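Trainee: Sequence:
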Amino acid sequence: MENGELMLVSSKQDVSDEIIAKLPNFKAALKLCKDISGLNDQQVCMALNMDPAQWSRIWTDKAHFPSEKIPCLMDICGNEVPLKWLAMKRGYELKPTQTVLERENDHLRDELEKLKIEMNAVKKFMREIRVA
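For what it's worth, this note's numbering labels the leading residue of the sequence shown as 1, then goes sequentially.
Be a bit skeptical, because a hint or two may be false.
The calculated lysine-lysine pairs, modelled on DSS-like cross-linking and capped at a C-alpha distance of 25 Å, are [to be verified]: (1) Lys89 with Lys31; (2) Lys12 with Lys95; (3) Lys22 with Lys95.
Because the hints were derived from the structure by calculation, they are not lab data.
Computed from a prediction, not measured in an experiment: that's the story for all the values here.
Based on the sequences and whatever the hints tell you, model everything.
Mentor: In structure tokens, the structure reads:
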């Protein structure tokens with residue numbers, strides 16, 4: 001979070017694709033994001049460092065939600081409804097990227113599997129030598 005913004009909701013809330021698909025527009029996705037968080041308008045405005053009058057104008061179609069604040073809104077509200085809505089409207093699926101640790105873990109699993117195969121080949125060879 002930037003500019004001293006307060007993180008109000010820490011755990012991610014999952015919303016089904018069926019619910020998101022029914023949203024008519026991006027503004028509805030932003031509204032659902034906020035609504036399911038359980039936070040009130042004042043809490044969200046304060047956390048986003050946004051003037052309550054601007055917040056009100058956004059919902060009465062007299063202003064647009066600032067795009068640079070969308071990631072902060074999702075963090076504060078604990079869900080990614082706006083991001084999922086955009087991805088679905090463009091025909092994409094979202095999946096989190098692997099961290100460096102997860103990639104290293106996958107690499108080590110692959111290496112371990114190769115070593116197991118080699119070890120089994122050595123064991124088989126040793127058994128065959130004993131028999132002969």
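Trainee: Compare the structure with the hints numbered earlier in the document and write down the numbers of the violated ones, lowest to highest.
Mentor: none
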